[in-house]
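K.L.:
Residue strings, one per chain:
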Amino acid sequence: MALEINIDGRTAQVTELKRDGNLVTIQVDDEIYEIDALKVGDGIYSMIYKGKSYNIEMIESSSPRHFTVNSFHNSYEVEVIDAQTRYRLSRSKGDSADSGNTVISPMPGKVVRIPVKEGEAVEAGQTLIVVSAMKMESEFKAKAAGIVKSIHAAEGDTIDANKVLVVVEPLVD
Amino acid sequence: MALEINIDGRTAQVTELKRDGNLVTIQVDDEIYEIDALKVGDGIYSMIYKGKSYNIEMIESSSPRHFTVNSFHNSYEVEVIDAQTRYRLSRSKGDSADSGNTVISPMPGKVVRIPVKEGEAVEAGQTLIVVSAMKMESEFKAKAAGIVKSIHAAEGDTIDANKVLVVVEPLVD
Amino acid sequence: MIKKILVANRGEIAVRIMRSCREMGIPTVAVYSDADRSAMHVRYADEAYHIGPAPSVESYLSIDKIIAVAKKSNADAIHPGYGFLSENAAFSARCKAEGIEFIGPHAEAILQMGDKITARKTMIAAGVPVVPGTVDKIVDYEEALKTIREIGLPVMIKASAGGGGKGMRLVKHEEDIESSLSGARSEAKSAFGDDAVYVEKYIDSPHHIEFQILADKHGNAIHLFERECSVQRRHQKVIEETPSPLLTPEVRAEMGAHAVAAAKACNYHGAGTIEFIVDDNQNYYFLEMNTRLQVEHPITERVVGVDLVKEMINIANGFELSYKQEDLKQSGHAIECRIYAEDPDRNFMPSPGTIRHITEPLGLGVRHDGYVYEGYTIPIYYDPMISKLIVWAKNRDEAISRMRRALHEYKITGVKTSIPFLARIMEAEAFKSGKYNTHFIEENKDFLFSAHDCDGVCEDIALIATFLDYSQKLEKLKSGNNESKPAGSRWKDSQRSAYI
Amino acid sequence: MIKKILVANRGEIAVRIMRSCREMGIPTVAVYSDADRSAMHVRYADEAYHIGPAPSVESYLSIDKIIAVAKKSNADAIHPGYGFLSENAAFSARCKAEGIEFIGPHAEAILQMGDKITARKTMIAAGVPVVPGTVDKIVDYEEALKTIREIGLPVMIKASAGGGGKGMRLVKHEEDIESSLSGARSEAKSAFGDDAVYVEKYIDSPHHIEFQILADKHGNAIHLFERECSVQRRHQKVIEETPSPLLTPEVRAEMGAHAVAAAKACNYHGAGTIEFIVDDNQNYYFLEMNTRLQVEHPITERVVGVDLVKEMINIANGFELSYKQEDLKQSGHAIECRIYAEDPDRNFMPSPGTIRHITEPLGLGVRHDGYVYEGYTIPIYYDPMISKLIVWAKNRDEAISRMRRALHEYKITGVKTSIPFLARIMEAEAFKSGKYNTHFIEENKDFLFSAHDCDGVCEDIALIATFLDYSQKLEKLKSGNNESKPAGSRWKDSQRSAYI
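Protein chains in written order, with the numbering used here: chain A, 1 to 173; chain B, 1 to 173; chain C, 1 to 500; chain D, 1 to 500.
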């Protein structure tokens with residue numbers, strides 16, 4: 001099995017060569033690692049490589065393919081790139097789908113306000129939706145000018161993480 | 001659904017009358033309880049009954065039907081009685097199967113010694129098998145005189161909990 | 001004598017209060033909203049009653065509902081914790097009217113210290129230094145101009161009823177006075193329904209140092225020394241420590257005496273905190289009084305050896321203070337880190353969710369006050385603080401090392417937390433040397449948000465962990481088991497059974 | 001200066017030692033057997049090496065393997081913890097020969113104090129009171145009879161190389177002397193390869209009180225006061241506290257001075273413990289010296305404010321002690337409970353297994369030293385102790401209340417533990433009054449093993465929980481999902497989603 005994984009901007013090829021219990025041989029780009037990798041809890045890995053003991057925390061982020069990976073001293077943003085991601089990346093020339101024209105809730109919360117309507121023209125920087133979670137309000141703004149194509153929440157709604165909230169059709173320039 | 005449950009010698013009929021989320025109505029013998037019962041962890045229940053908050057720990061014992069139930073101040077030995085148990089109880093007139101003629105490992109461990117052989121006559125109190133766990137050796141003895149019918153482990157074996165180790169056929173008197 | 005205490009709060013502080021009650025043999029009553037049936041304070045209490053929907057205003061802020069539960073459960077006292085109704089004079093008064101002991105100050109003290117202009121006047125009368133500025137509220141521009149010229153720019157215009165940065169303006173230039181004044185007044189009016197504002201000299205690079213006080217109903221008051229609270233972001237405390245690395249013993253003693261005078265000036269009883277703003281030369285000025293238990297009270301408990309909640313209950317019972325000022329001393333050093341469910345790399349955006357795994361920091365010198373557990377879902381409705389990590393050591397350097405160690409041990413998955421950010425603070429030179437003020441985070445942000453050096457291996461190990469975790473998820477999906485919870489148990493189990 | 005420490009141990013003590021190393025900035029090396037890949041000490045260390053099969057004799061007791069890992073990892077010091085190789089003179093000597101610093105005493109001190117007859121002689125020479133008895137080993141019956149008549153019955157016949165109750169006989173009647181003598185000798189021979197035995201007066205209803213000492217390599221030695229360890233079963237300590245409720249300040253000071261004299265008498269360096277047997281009138285006698293860190297060291301750390309592991313490392317580094325005797329005092333009261341995976345109701349039979357859920361006790365005055373975590377399987381090969389719960393409070397009564405509270409908070413499923421039994425001890429009159437000796441558990445067993453009064457509701461609630469848990473399991477079975485782990489998540493989740 002092989003996966004393409006993006007870590008803080010670097011895209012790496014990760015391939016499993018062999019597995020014997022928790023002893024795995026994995027190739028990361030040109031480097032081959034023989035590593036003792038044990039899952040000790042939900043999202044918690046104990047890894048021993050060349051005698052060194054590493055503790056890794058995997059925290060799922062905005063989608064099942066996004067993780068924050070902590071190893072105490074370092075914190076990485078990681079994305080597993082599947083076919084769909086690759087297509088999206090190629091089409092948007094590096095911009096991910098949610099960066100330009102779609103507001104996706106990064107956390108569960110409650111919709112406080114939606115100051116736009118479907119069909120409305122919006123400027124770059126204009127607030128599309130305000131979400132409250134844990135006593136803090138977050139405003140989500142249009143990254144570029146466009147027309148509000150669809151709104152998938154109503155004021156007062158309780159929303160889950162990773163839900164598409166507002167889609168803006170960018171103006172073609 | 002209804003279950004017959006033995007608790008520290010008392011046998012109670014427990015019947016679910018209604019369930020609405022974590023609000024359950026349950027009859028225990030003649031008493032009807034409307035109780036807010038929430039499972040908050042594996043084997044951990046938070047129960048609210050008439051405003052009182054109870055914390056219950058369920059610890060599986062020698063079989064999936066045996067539990068130690070802790071509520072901090074009290075610790076109960078509980079057994080769910082199914083058809084098989086009932087048959088066994090009726091046949092042995094109250095003695096449970098493992099009390100007289102069968103040694104069942106109450107915990108995982110390692111077999112240190114088996115000083116008897118199949119076919120051998122044993123006295124009441126004679127050691128049938130010695131199991132070691134956590135730096136402590138436990139001797140299991142015959143409760144009554146009889147003939148060793150079968151031995152299901154060998155010296156040096158690592159054994160799981162709840163495994164039949166030695167069966168003794170009691171002498172008929 | 002108090003026989004049963006209703007704790008009108010949730011989260012870690014509700015549990016912390018119930019701990020002391022349990023040690024004193026006093027049964028506790030929890031209240032909970034729809035979002036909190038599975039919360040720890042409900043599990044911890046002897047009794048628990050539902051009080052309404054998740055939004056605080058319909059549950060934890062509902063005086064009527066809380067009083068009703070107190071009556072139903074025969075609780076003869078209420079501890080409000082911090083936040084929610086803790087500094088609500090009407091609630092204190094209502095408790096009194098209903099014959100329920102409010103474990104906190106009387107309504108008059110709350111009102112007197114809650115209005116900033118009144119508080120300033122009270123302090124001036126008591127001889128406590130206040131920030132140079134106006135005594136009465138400012139209504140017109142001419143008056144403001146005259147006062148500000150006397151004080152000297154820059155100044156802060158502040159709402160008398162204020163708090164949380166609302167109705168506050170920093171004025172650096174004379175030409176901005178008029179617009180700032182009207183801006184502050186209208187903001188104060190809309191936020192607090194009161195447009196009274198006053199002017200204070202702006203103290204640059206200040207330290208935020210507060211004194212814990214205890215006062216009984218017999219006129220006795222003591223202080224329990226200071227807490228240094230200058231590590232802040234967005235006016236929120238992040239890390240606190242005691243003793244303050246800034247204060248000399250002389251200034252400490254003087255400030256302590258002023259803190260006691262401040263408490264006596266409003267006939268205070270209960271636990272309270274006198275907040276001072278302090279410049280680099282240890283000139284200090286009364287800022288405000290918090291008429292409740294503070295989040296950061298545990299560092300005082302550890303260094304002074306006093307259980308503040310028990311003292312509050314004893315005071316409410318009408319007992320005299322069990323300590324005299326001369327009995328108390330600071331022994332060793334304590335630091336508290338507040339652990340939030342938030343994403344430091346995304347502007348500290350809240351990160352509610354389900355706790356999948358926790359390894360709690362333990363061992364010598366570590367106190368952990370939390371309320372979340374494995375499998376618990378942090379609700380979106382309340383504060384993102386999930387626990388407080390408090391360490392003690394015989395001196396400050398050792399305390400910092402211990403906090404680093406404790407943060408290292410603290411593993412949590414399911415939500416993002418401020419743990420990596422806090423660990424970086426423990427490594428920042430300005431913090432380690434003790435030379436920092438309220439601008440610390442701003443001034444050190446390059447260091448605090450940078451990654452550690454690590455040989456390329458760390459990054460590759462993170463990639464390998466991602467590979468294993470994700471490929472296991474895919475396998476689960478393929479095998480038709482799409483429960484999200486028990487990821488991994490099977491793999492782990494297969495390893496284990498090989499051992500036994 | 002020590003640059004890297006190999007910890008030749010497992011379980012809570014390995015983690016505890018690594019905590020102090022981490023605070024000192026010293027990297028650590030773990031060793032682990034086949035049964036311990038998932039153990040916390042492996043996760044905690046900076047490096048980890050496999051050393052063999054699960055049985056200790058092939059792994060944690062293998063001097064060659066441990067030395068080999070030290071060399072491979074460039075560890076320049078080894079901390080042995082307690083148990084395993086900690087009191088093995090050959091290991092201490094081997095470390096020295098290999099140029100590795102053994103963080104503990106030199107081999108000669110271990111040998112001198114390990115042989116009970118030599119230790120007694122050393123103590124007599126140093127003026128430390130010993131239990132009246134023989135100075136040299138007893139070989140024939142005539143000599144034994146003569147000595148025993150001098151001492152007076154009852155007496156104990158003990159193996160000089162002994163420990164753990166082996167080679168030990170209580171003699172009450174003269175006619176039993178001969179058989180007891182030969183029985184003890186043959187048992188000593190087979191257990192320790194040495195049939196040397198000696199005779200001591202039997203002290204009835206004794207207290208077991210020990211003194212912590214620290215000695216550096218420059219001839220300085222101090223004591224850190226006592227630990228009362230009289231709550232025992234089968235010669236195993238269950239609960240320890242400090243200060244001892246028995247000792248007066250005068251006797252404490254005298255015993256402390258004798259403890260220091262004992263350490264100096266064997267040119268000791270490192271941390272050690274002088275065990276005394278004490279009668280109700282505070283007559284005390286040297287019993288033995290433990291030449292290592294004790295399980296119960298945290299109560300001393302808490303009351304005296306010293307990190308004993310750091311002191312051991314400093315001593316190994318050749319530093320002078322950082323404390324003088326007059327710097328030290330006991331402040332407040334500490335109690336430790338040892339939490340075992342065992343079934344108190346079945347004669348304390350071990351209960352290994354997989355930890356399904358833990359809620360750890362937290363908050364003010366609580367220290368918890370553990371190593372298990374949710375999902376961890378306790379191996380069958382090692383000690384059943386899973387953690388140590390240590391509380392501190394300003395006085396003994398409050399410490400007992402706090403321990404009750406902490407035990408109440410400690411929820412654990414998957415294995416049975418001694419928690420309910422320990423909670424009962426905290427409620428026993430003899431314990432609460434501080435009037436107890438080593439017969440405490442035996443004398444109070446009716447109380448300790450009885451159930452609490454509870455209205456019938458408790459029992460019915462237990463039945464309801466059983467009903468819910470079992471019926472949920474049945475449903476899982478029916479729906480074809482027969483994983484044992486994630487019981488309940490689905491039901492719980494369905495509740496939660498209704499809230500959010």
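Calculated directly from the structure, the hints in this document are not laboratory data. Incorrect hints may appear among the rest.
Unchecked claim - Examples of chain D residues lying across from chain A (beta carbon under 10 Å, computed):
1. V29
2. M40
3. Y44
4. A48
5. Y49
6. P53
7. K71
8. S73
9. D76
10. E108
As the list claims (entries may be wrong) - The following residues of chain B were derived to be distant from chain C, with all beta-carbon distances above 10 Å:
11. N6
12. D36
13. S46
14. N55
15. F140
What the hints assert, rightly or not - The calculated DSS-like cross-link candidates involving lysine-lysine, where the alpha carbons are at most 25 Å apart (straight line), are:
16. C:K476 - A:K135
17. D:K329 - A:K52
18. D:K3 - C:K476
19. D:K476 - C:K394
20. C:K166 - A:K141
21. D:K476 - C:K3
C-beta atoms are modelled at their ideal positions from N, C-alpha and C, and glycine is treated no differently.
K.L.:
Could you run down the list of hints and mark each one as holding or not?
P.N.:
To see whether the hints hold, each was checked on the structure:
1. This hint holds: V29 (chain D) has a C-beta 8 Å from the nearest C-beta of chain A, less than the 10 Å allowed.
2. With a least beta-carbon distance of about 9 Å to chain A, the hint placing M40 (chain D) at the interface is held under the 10 Å criterion.
3. Annotation: Y44 (chain D) was flagged as interfacial toward chain A, and the flag holds, the nearest CB pair being 8 Å apart, inside 10 Å.
4. Among the interface hints, the one on A48 (chain D) holds; its C-beta lies about 4 Å from the nearest C-beta in chain A, closer than the 10 Å criterion.
5. Interface hint at Y49 (chain D): satisfied, since its Cβ lies 6 Å from the closest Cβ of chain A, which is below the 10 Å cut-off.
6. The interface hint given for P53 (chain D) is violated, since its Cβ lies 16 Å from the closest Cβ of chain A, which is over the 10 Å cut-off.
7. Because the closest C-beta pair between K71 (chain D) and chain A is about 12 Å apart, greater than 10 Å, the hint is violated.
8. Against a cut-off of 10 Å between C-beta atoms, the interface hint on S73 (chain D) holds, since the closest Cβ of chain A lies about 6 Å away.
9. The beta carbon of D76 (chain D) is not positioned within 10 Å of any beta carbon in chain A (closest approach about 16 Å), and the interface hint is therefore violated.
10. Contact between E108 (chain D) and chain A, as hinted, is not supported at the beta carbon level, the nearest pair being about 34 Å apart and thus beyond 10 Å.
11. With a cut of 10 Å on Cβ distances, N6 (chain B) stays outside the contact zone with chain C, its closest approach being about 28 Å.
12. Some Cβ of chain C comes within 10 Å of the Cβ of D36 (chain B); the nearest lies about 7 Å off, and the non-interface call is violated.
13. The Cβ of S46 (chain B) sits about 5 Å from the closest Cβ of chain C, inside the 10 Å cut-off, so the non-interface label is violated.
14. Its closest Cβ contact with chain C, about 6 Å, brings N55 (chain B) to no more than 10 Å, contrary to its assignment away from the interface.
15. Chain C leaves F140 (chain B) outside its interface by the beta-carbon criterion, the shortest separation being 20 Å against a cut-off of 10 Å.
16. For the hint pairing K476 (chain C) with K135 (chain A), the CA-to-CA distance comes to about 36 Å; that exceeds 25 Å, so the pair is violated.
17. A C-alpha spacing of about 41 Å is found between K329 (chain D) and K52 (chain A), which places the hinted pair above 25 Å, so the restraint is violated.
18. Simply put, K3 (chain D) and K476 (chain C) have alpha-carbon atoms about 45 Å apart, too far for the 25 Å limit, and the pair is violated.
19. For the given pair, K476 (chain D) sits about 53 Å from K394 (chain C) by alpha-carbon distance, which is inconsistent with the 25 Å threshold.
20. Between K166 (chain C) and K141 (chain A) the alpha-carbon distance is near 24 Å, which keeps this suggested pair within the 25 Å criterion.
21. Annotation: proposed proximity of K476 (chain D) to K3 (chain C) is violated, straight-line Cα distance about 45 Å (limit 25 Å).
Hints 6, 7, 9, 10, 12, 13, 14, 16, 17, 18, 19, 21 from the list above are not met by this structure, while the remaining hints are.
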